[in-house]
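A.B. asks: One-letter residues, chain by chain:
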Amino acid sequence: MMDGPFGNVHSGWLAVSALSCMAAVVPSVAHAEVGARELTEQGRYLAIAGDCGACHTRPEGGKAFAGGYAINSPVGAIYSTNITSSSIAGIGAYSEAQFSRALRKGIRRDGAHLYPAMPYTAYAKLSDADVHALYVYFTQSVPAVDEHPPATRLPFPFNLRVSMSIWNALFLSKARLAADPRRSAEWNRGAYLAEALEHCGACHTPRNALMAEQSGRQFAGTRVGSWYAPNITSDPVSGIGAWSRDEVVQYLKTGAVHGKAQAAGGMAEAVGNSLQYLTPGDLEDLATYLMSVAPIRDQSDSRARDTWGTPVDQETELRGRPTTAGSEQPEGYSLYSGNCASCHQPTGAGTADHSYPALFHNSATGARHADNLVAAILFGVDREVGGRRALMPRFDATSYVQPLKDTEVATLANYVLHEFGNPTAHVTIEDVAAVRSQGFAKWLVQLADGLLIFAGVAIVALGLWMLWRRRRAQP
Amino acid sequence: MNVQRFNNGDADADLVVVGSGVVGALIAEQLAGAQRSVLILEAGPRLDRAQVVENWRNLNFQQRVSSDFQSLYPQSPLATAPLDFPPNGYVLLTGKNGTSFDQGYIRAVGGTTWHWAASCWRHLPVDFQMRTKYGVGRDWPISYSDLEPYYCRAEQAMGVSGPNDPAMQSPAERSQPYPNDMIPWAHGDTRVAEIVNPHGYRSVPIPQGRAVRPWKNRPACCGNNNCQPICPIGAMYNAVHTVQAAEAKGVTVLAESVVYAIDTDMNNRVTAVRWYDRNRQSHRATGRAFVIACNALETPRLLLMAANAQNPNGIANRSDQVGRNLMDHSGFHCTFLASEPLWLGRGPAQSSCLVGARDGAFRSEYSANKIILNNISRVGPATQQALKLGLTGAALRDEIRRRAIHGVDLSISLEPLPAPQNRLTLSRTRHDALGLPCPDINYELDDYVHRGYDAAAQQLRHIGSLFNAVEFEVTTSLNANNHMMGSTIMGSDPKDSVVDGDCRSHDHPNLWLPGGGPMPSASVVNSTLSMAALGLKCADSVRRTLEHA
Chain R
-13 MMDGPFGNVH SGWLAVSALS CMAAVVPSVA HAEVGARELT EQGRYLAIAG DCGACHTRPE
47 GGKAFAGGYA INSPVGAIYS TNITSSSIAG IGAYSEAQFS RALRKGIRRD GAHLYPAMPY
107 TAYAKLSDAD VHALYVYFTQ SVPAVDEHPP ATRLPFPFNL RVSMSIWNAL FLSKARLAAD
167 PRRSAEWNRG AYLAEALEHC GACHTPRNAL MAEQSGRQFA GTRVGSWYAP NITSDPVSGI
227 GAWSRDEVVQ YLKTGAVHGK AQAAGGMAEA VGNSLQYLTP GDLEDLATYL MSVAPIRDQS
287 DSRARDTWGT PVDQETELRG RPTTAGSEQP EGYSLYSGNC ASCHQPTGAG TADHSYPALF
347 HNSATGARHA DNLVAAILFG VDREVGGRRA LMPRFDATSY VQPLKDTEVA TLANYVLHEF
407 GNPTAHVTIE DVAAVRSQGF AKWLVQLADG LLIFAGVAIV ALGLWMLWRR RRAQP
Chain A
288 MNVQRFNNGD ADADLVVVGS GVVGALIAEQ LAGAQRSVLI LEAGPRLDRA QVVENWRNLN
348 FQQRVSSDFQ SLYPQSPLAT APLDFPPNGY VLLTGKNGTS FDQGYIRAVG GTTWHWAASC
408 WRHLPVDFQM RTKYGVGRDW PISYSDLEPY YCRAEQAMGV SGPNDPAMQS PAERSQPYPN
468 DMIPWAHGDT RVAEIVNPHG YRSVPIPQGR AVRPWKNRPA CCGNNNCQPI CPIGAMYNAV
528 HTVQAAEAKG VTVLAESVVY AIDTDMNNRV TAVRWYDRNR QSHRATGRAF VIACNALETP
588 RLLLMAANAQ NPNGIANRSD QVGRNLMDHS GFHCTFLASE PLWLGRGPAQ SSCLVGARDG
648 AFRSEYSANK IILNNISRVG PATQQALKLG LTGAALRDEI RRRAIHGVDL SISLEPLPAP
708 QNRLTLSRTR HDALGLPCPD INYELDDYVH RGYDAAAQQL RHIGSLFNAV EFEVTTSLNA
768 NNHMMGSTIM GSDPKDSVVD GDCRSHDHPN LWLPGGGPMP SASVVNSTLS MAALGLKCAD
828 SVRRTLEHA
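First to last, the protein sequences are chains R and A. With the working numbering, the residue at position 347 of the first sequence is 333, and numbering never jumps. Counting the second sequence from 1 gives a position; the working numbering is that position plus 287.
Take these hints with a grain of salt, some might be off.
20 Å max Cα-Cα, derived DMTMM-like pairs, lysine to aspartate or glutamate [as the list claims (entries may be wrong)]:
| no. | chain 1 | residue 1 | chain 2 | residue 2 |
| --- | --- | --- | --- | --- |
| 1 | A | K420 | A | D433 |
| 2 | R | K391 | R | E416 |
| 3 | A | K503 | R | E370 |
| 4 | R | K391 | A | E534 |
| 5 | R | K239 | R | D368 |
| 6 | A | K420 | A | E652 |
| 7 | A | K675 | A | E758 |
| 8 | A | K503 | R | E46 |
| 9 | A | K536 | A | D827 |
| 10 | A | K782 | A | D607 |
| 11 | A | K503 | R | D368 |
| 12 | A | K536 | R | D382 |
| 13 | A | K503 | R | D382 |
| 14 | R | K111 | R | E82 |
| 15 | A | K383 | A | D734 |
| 16 | R | K111 | R | D166 |
| 17 | A | K536 | A | D299 |
| 18 | R | K160 | R | E199 |
Across the chosen pairs, the derived CB separations fall in these ranges [as the list claims (entries may be wrong)]:
| no. | chain 1 | residue 1 | chain 2 | residue 2 | range |
| --- | --- | --- | --- | --- | --- |
| 19 | A | V290 | R | R374 | 36 to 44 Å |
| 20 | R | H244 | A | N347 | 33 to 41 Å |
| 21 | A | V290 | R | R139 | 24 to 32 Å |
| 22 | R | N145 | A | E460 | 53 to 61 Å |
| 23 | R | R94 | A | N294 | 50 to 58 Å |
None of these hints come from the bench; they were simulated from the model. Glycine included, C-beta positions come from ideal geometry on N, C-alpha and C.
Please put together the full structure from these sequences, using the hints given.
C.D. replies: Pasting the structure below:
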């Protein structure tokens, strides 16, 4: 188990369980101490499960939870805040009620609205006990960092934080997640993990025109920026209904299941920052819940995305012909052989230890939406689990290996789809340009953009309406 | 400040760098980081890695086993580089040991780091004081400790993996650990070290510009064993990495731009360089500071061809030392079949090296050496040998296997001393496609190297006996190692040297000539890390000079 930014979580959690047993027999003062420690550990674990560090700890050397991570949106940079126990720069002076209001309603101590890069719609479902544990952890255990991150300064009308109150009134449910008495405790725990903490739906559930999650389409899959968060319902063709429970758990824990899928983009971050640290029990419960989610079939899917393709070998036939890589009209074989085959092998079978995955029986090449294949080529794969980093290099303009043009990526992706994956999928040059232009921003940021634009439009509309009313009111 | 200006095809920048190899790229990136506008002019084209990889895979067997690392790289028709299959005659080699100076280098964005082995050695402290300590060669005007911080920075910039155990370091005088610990040894490296180390040969890990873990955005080395002629996955440091980092900081790189002239003013400050674009149109780049970092052949070639009225013997050449003191590690090979299988060919092309004879009192008499355990797969040579035996079918296959796993190839480097008569001059008869003179090289090794060869050969016979070697062979003709040094030699006296300890020209206060050219001693180790360290030291000098301008 690696010592991540949050320390050795697993053994910490197990230690808590052990302490809980001891607590039953050790009385009075010791009991209180154990209780406090237990509470802090619980809060620490919840902070990981809620993936707070993904935004509130600056990657590459930022102090834990000190904020300052610049989330670049088209309307300006949103900086994550300092949520350490510092009473100057952090949330050390928050009361528990103020903390809860920020977490669940997106409202700061001073009454200002948080930008919706903060997933408070999910955290609204947290239990009071867990909010308490998080409060204790952040205000008593996270070391104070007395440094103010840069202030977020967006242009009008996006700087009108109050506009968020309109959206909140429409879409923010204030309800805690109620336990379903017809379901098992494991299922209910899984639902809580998926809905309140890990906020799976933030990416995997399609949104309506006002950027709210569509209630009847839970986990049906949707575009999230450059990537496609796939259908993870229990449908055996369009979703993950054909996966075994062990495979679901392994995927959540490691981000890789041979012959099925490898996590990249936002999912690689979710596994690396959060999911890998969940206890075995929580992972099982999460899988229980995910496997129970109502199936949603996309009628244009003819077979599961991880069942397409076979090994192919064109080496004997084509080796020795002058390469077309680097020419004006490069062919798929040359691009694949020159850029990909050293790792994924000429046959597409990857390596025996699966460090380099096979390109057939791979959800990135078998999906009808080839966005994840294109995004993986452009932005690579970067996933760190258990202290080991899996890195596929990127091939966009900043590639250290070889920058590829849109036409080259399209030709290469279509070769891979045709030879190893879903031959009914097709990538156009425009598709590649679209994925490239989205960059590699965090999905929540892009979501925030949508909400901000909505809010900005709402404010302007409100202003115009008031102006119109005043004009009419004039004699 | 950070923007170059272009006007009608001409350019202006704070710093103009000629050459986009590791040295030029590092300097450009440093100065761009200091908010200076930087223009890089590169004679060769931008390369497509996939095309080069595929060219290599399509290369015929004969060229592959002959280590043809040049012909797979596309060349600009206006910027010729050496080719041997067949020879293109770009460089004329004369002198008793002319053929031992048959260099392979690349003229392209990223330079020759496209096909190096990424060995990142430091010189020993004593290598900077050859005259003082051993009474031979020259002293550097700077010491090891002057360069040591820059060695550290170069190792960081290139992502070097090296042994953090001081007992395995050469040299152990280090102020910082390596960015990554040593590349783990394969079975062959481990076994050879076990067998030879009790006899003082001191096999140590080679510090390398690659890592077995992802490093920044660079993938982990997975042992394609293909470092030369091309790392197919970009795990090996290549100066294109630094070029891209520089471009991200605002540097402009103009490829296929051949610099041919250097303009100076009445104070002999450089005012501009002139270049031909791919359509043979001439342009001019003005600037405040100029760095020429082509390599130790192309830099003196440019300085000599750019002679002007004020500098009739060539730019930076009042000392008449430009193009002289050429050095390269004279190489030879020792091959044999060991009695036990060593399974060489797994991992990077070179991972361990015998440095026991890297230094010693003997250096007053004869050359030091280093003995690299070449880890390039022996399947090619094994196949050649087995075919010569006339075998077919299963017998052929089994013999190839036997020879591939028992075969050993040791690559030995000897240290030359700087000698003025070993020099590059401009051809009067041969010209490239732009009509610019091709280089002529005269090269002759003295007894210092020949005695070093004899001592090394004796050590090799002993090493062979430790492995119960059969078919033991030591080559007698010396080969080039592509470590060109000395041709713009560094010194404190402007009368007998070209540049000072910052690689700044004695003759022109705003002209720097960093790289292998300034190195006054060759040591026996690959020169790239020293070149990169000198480049970073040069960058500091350029930055200070521009600040005070």
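A.B. asks: Against the earlier hints, flag every one the structure doesn't satisfy and list their numbers going up.
C.D. replies: Per hint list: zero violations.
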